[in-house]
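Colleague: These protein sequences, in sequence, are chains A, B and C.
The opening position of the first sequence corresponds to residue 44 in the working numbering, with each subsequent residue numbered one higher.
The opening position of the second sequence corresponds to residue 2 in the working numbering, with each subsequent residue numbered one higher.
The opening position of the third sequence corresponds to residue 221 in the working numbering, with each subsequent residue numbered one higher.
Think of the hints as simulated: they come from the structure by calculation, not from any bench.
Since the model is a prediction, treat every value here as computed from it, not as a measurement.
Check the hints yourself; a few may be wrong.
From the derived model, a few chain C residues whose C-beta atoms are all more than 10 Å from chain A [claimed, not checked]:
#1 330
#2 352
#3 523
Dumping the calculated DSSO-like pairs for lysine-lysine here, alpha-carbon to alpha-carbon at most 30 Å [to be verified]:
#4 295(A) <-> 217(A)
#5 205(A) <-> 217(A)
#6 217(A) <-> 173(A)
#7 60(A) <-> 328(B)
#8 280(A) <-> 295(A)
#9 114(A) <-> 217(A)
#10 359(C) <-> 277(C)
#11 60(A) <-> 114(A)
#12 295(A) <-> 60(A)
#13 524(C) <-> 173(A)
#14 517(C) <-> 205(A)
#15 205(A) <-> 524(C)
Simulated DEER-style distance windows between Cβ atoms [unchecked claim]:
#16 231(A) <-> 464(C): 35 to 45 Å
#17 343(C) <-> 136(B): 34 to 44 Å
#18 464(C) <-> 131(B): 31 to 41 Å
#19 464(C) <-> 182(A): 25 to 35 Å
#20 168(A) <-> 290(C): 26 to 36 Å
Each residue gets a CB set at the ideal place from its N, CA and C atoms; glycine is no exception.
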Amino acid sequence: MTSTEHGRSEIRIRGAKKSFSGRVVVDVDDLVLGDAAVEGLLGPNGAGKTTLMRMIMHSIPLDEGTVTLHKADGSTITLSELPAHQMMSHGVVKSTQVISDFDQLTILDSMLLAVAGSRHESPLRWSAEKELAAEYEDEIRHYLDYFGFTDPNAIAGSAGEKKLLDIVRCLLLKPEVLLLDEPTAGLPEDVTQNVMSVIRDLGEQGTSVVIVEHDLDVIWQLCDEVTFMAEGRVLMKSDPETIRGDSTVVEKYLGAGHG
Amino acid sequence: MVQGLSNEPSGRVGGVDVETSDLAVSLRSLPNWAIALGAVVALVVFAQFSEFVAESLVIGATENAPLVLAALGFALLYRLTGLLNVAFAETITLGGYFAIWLTSSFSWGFATAVLPAGIMAGALSVVTYLLIFRVARNRNVDGLELIVISFGLALFLRHALQFVFGYNTRFFETPPPNTINVFGVGVPSFRLLAVASVAVLSILIYQFIRRTSYGLQIRALASNDGLAQASGVRPLTVTLLIWFVAGLAGGLAGAFYGVGSAVTPLLGSRQLLLILLVVLVGGIWDLLGVVYVGIATGIALTAMTLLFGSDLYAQLILILFFLAMLKVRGNKLTDGSKV
Amino acid sequence: MLDWLDAFLISGFFGVLQIIGLGLLVHLQMGLSRVANFGVAGFWGLGLYVFGVLYIKVDWPFGDPFQFLICAFLATVASGLAGLLVAWLIADLDVDGALVGTLGFATVVLILATTQTELTGGATGLGGMRFPYDLGPAKTNEFVWVLITTVLVGAILLYVRWVHRSPYGRLLIAVGTNEPLARSLGKSTTRAKLTLFATTSALMGLLGAMQGVMFRFLNPATITINITLAALAGLILGGITRVWGAVVGVLFTVGLFDIVIQFYAPLPQEWFTQAIPVAREAVFGAALVLVLLFRPKGLLGEMKRPQLMRRIHDFN
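So here's chain A without its partners, still in its complex pose (with noise of 0.2 Å):
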């Protein structure tokens, strides 16, 4: 296998298939994911983006079909075989579309816990959590400051608060492909600026980003291509322009006036 083209990873998924009590959810042929920088998955409600997203992270299992991951120095590496916490191993994150925290943990507890790898997690290693903090403190320091968290030992409370920190979780974890599910829900605009900004520079620093998401100028504005879902199947894929104008995705989607 050459490398990606584009020297960044992309996720390949062929066949995938997933049905909820007899209901297809998801039937997608071939799909891929990642080649361009920031990639937008669009769709009606129910078009079964956030399905395909869990699919690839292999958090609900396919019916049918692989995913595939096409690592940037040409490596493959077949997803869909794989449990799902060995996604973050080989590159691939994801944010969560419903809000998901650990209760008992502070903001700074779940940057640490993104951060801290096996070595770290010994039950017998009695410097560890100093080695993680001062190999840690700068970035820590840098997405507490850019995002502007008042008080990182404080457990987060608002749901937009909760949205951000799985966010800065994600980027932690340095990521080869991005998978974000509407990001910016519930953030207000500053912050919504901030997290697009920092999308922007990922993409362009190498990482796939696919987005999920329902703010329209947020599409507009970050991605370099969209896929069109809906009712489970990949409708097109094309620059944000050609999506926009197309009559299809504006019947199923934008409705009139969107244009």
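Guided by the hints, dock chains B and C onto chain A, whose structure is given.
Modeller: Then chains B and C, alone, in the frame of chain A:
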């Protein structure tokens, strides 16, 4: 916690099809009684050829009828309310003590005392629901904590009852039972009564869920996913009825266990693990699956006890077998669906 | 020198220490990682029996204290391996499956202790263990053993305190509060559970070996679920998520009955044979129910991560 029920594609409750796909209908069009009858005929034929088989079958099915009763009661609670109630073991124990008390205080025969004892145990079961588990649910106690609460209740009841009924082992002071010959194996009459109770109670629960309006509500609620939420909207009478019937089954089991040997404070808790294993593994199918697995377990237990000369080894092998089953097909963690 | 010390009081203290030790370990399993373990008696009992059988039945070429050390070490390893096996069994099961798996394991240990009569003495039990030293009077030997056990339990307490301040403890809390999310961050939650059970069960086995030396007798009646529930009742009363929860709670439960009531309550002597021990279990059971209904976090309350993190780091 209630995966066994809510994850079944066909939404089968207590052996009743709530909503089935065409394939499932065609597979299940053979009535349960026909399968059961076929199995019984096959076993009877088989039993003619071997004394060991005959003894295993007859003793296993009759002596362990209380296990089936207890598992049925436990499973009813577990699958319809989602609660794994460890204190159910003490309902069994108290059923035994109630029966002893009735026979000794009123000079009733065992056959007279057994149903009232079961009803008392059912009432006790309802009381534990109202005083503890209902409060817990209202306070959103769930999962691990709820199980620990039921352990606490079990520990409390197991010891508190000794202040009421005494510390010592108690025996029924009823005349020795008649023995009835079944396929050349002598079976005490009360054991046949236990078998009859299993049959009657299974049929009653089955018919109840299928025919009555309460049963309809249970089915409607149980066929929805998220039974935990459903139990919140379930009318109180239905919940109380479930707890009562479960307690009744446990109490009857306790009385039959007791008359078979003796009544001790550990009567129920000694059976707890076996009941849990039967319910969790049998419950992979449905409520009647628990009955079948219970009967099979009873027969296997007797057969192995006859083979090894020790019921402890028989239990050991059964436990290991069930644990392996659990590893292979047990209740998996509801995983990843939110991530 | 030790005239003030009643022989029964020594065993009361020893029992409290044992339950505190077990409670601390259960705290890591059920308080932090929220993995149900209702088979504590099995891991502890396995340690007790492996130690006892090796100590008594094997003809060791060397005497104490090496005989003790090697037997206790093997008991620790045996319980640790059992912990690994049980964790593998229940790692991907829900709480009901974990309950049955751990309870099943404890029952297996109890059945083996009862049936393997040639090794264990069966239901009648087996004697012959000794203190690995001899300092003269029995009371002195016992007192020193209590001191050694205090050091061990103190070390377990320090370990638990360290776990709260380590990335390992953070991982355990993450597994306990949101396992799927932890997995999406690349954590092998199964490996975390295996590691946790191997280490904590090993220490439970070591506590069992300590018990063997003190009571010098193996008896299946000592390894029943009551020991599990005593540890759990103490831990939950004190605070299941707190480092000191087991210490505080066990003092108020086991300490109350086995020290205060046993030695200082002016009660009729005949009550102590049956009424008090039975009431003890009933009270433990009631405590579990009432605490979980009305004060689920126990006497010490919630886990206080923000305060702890502020103390050990200076990110602000």
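Colleague: Next step is simple, just say for each hint if it's right about the structure.
Modeller: Structure-based check of all given hints:
{"no.": "1", "hint": "330", "in the structure": "holds, 28 Å"}
{"no.": "2", "hint": "352", "in the structure": "holds, 26 Å"}
{"no.": "3", "hint": "523", "in the structure": "violated, 5 Å"}
{"no.": "4", "hint": "295(A) <-> 217(A)", "in the structure": "violated, 36 Å"}
{"no.": "5", "hint": "205(A) <-> 217(A)", "in the structure": "holds, 19 Å"}
{"no.": "6", "hint": "217(A) <-> 173(A)", "in the structure": "holds, 21 Å"}
{"no.": "7", "hint": "60(A) <-> 328(B)", "in the structure": "holds, 28 Å"}
{"no.": "8", "hint": "280(A) <-> 295(A)", "in the structure": "holds, 15 Å"}
{"no.": "9", "hint": "114(A) <-> 217(A)", "in the structure": "holds, 14 Å"}
{"no.": "10", "hint": "359(C) <-> 277(C)", "in the structure": "holds, 26 Å"}
{"no.": "11", "hint": "60(A) <-> 114(A)", "in the structure": "holds, 24 Å"}
{"no.": "12", "hint": "295(A) <-> 60(A)", "in the structure": "holds, 22 Å"}
{"no.": "13", "hint": "524(C) <-> 173(A)", "in the structure": "holds, 20 Å"}
{"no.": "14", "hint": "517(C) <-> 205(A)", "in the structure": "holds, 24 Å"}
{"no.": "15", "hint": "205(A) <-> 524(C)", "in the structure": "holds, 19 Å"}
{"no.": "16", "hint": "231(A) <-> 464(C): 35 to 45 Å", "in the structure": "holds, 40 Å"}
{"no.": "17", "hint": "343(C) <-> 136(B): 34 to 44 Å", "in the structure": "holds, 40 Å"}
{"no.": "18", "hint": "464(C) <-> 131(B): 31 to 41 Å", "in the structure": "holds, 36 Å"}
{"no.": "19", "hint": "464(C) <-> 182(A): 25 to 35 Å", "in the structure": "holds, 34 Å"}
{"no.": "20", "hint": "168(A) <-> 290(C): 26 to 36 Å", "in the structure": "holds, 27 Å"}
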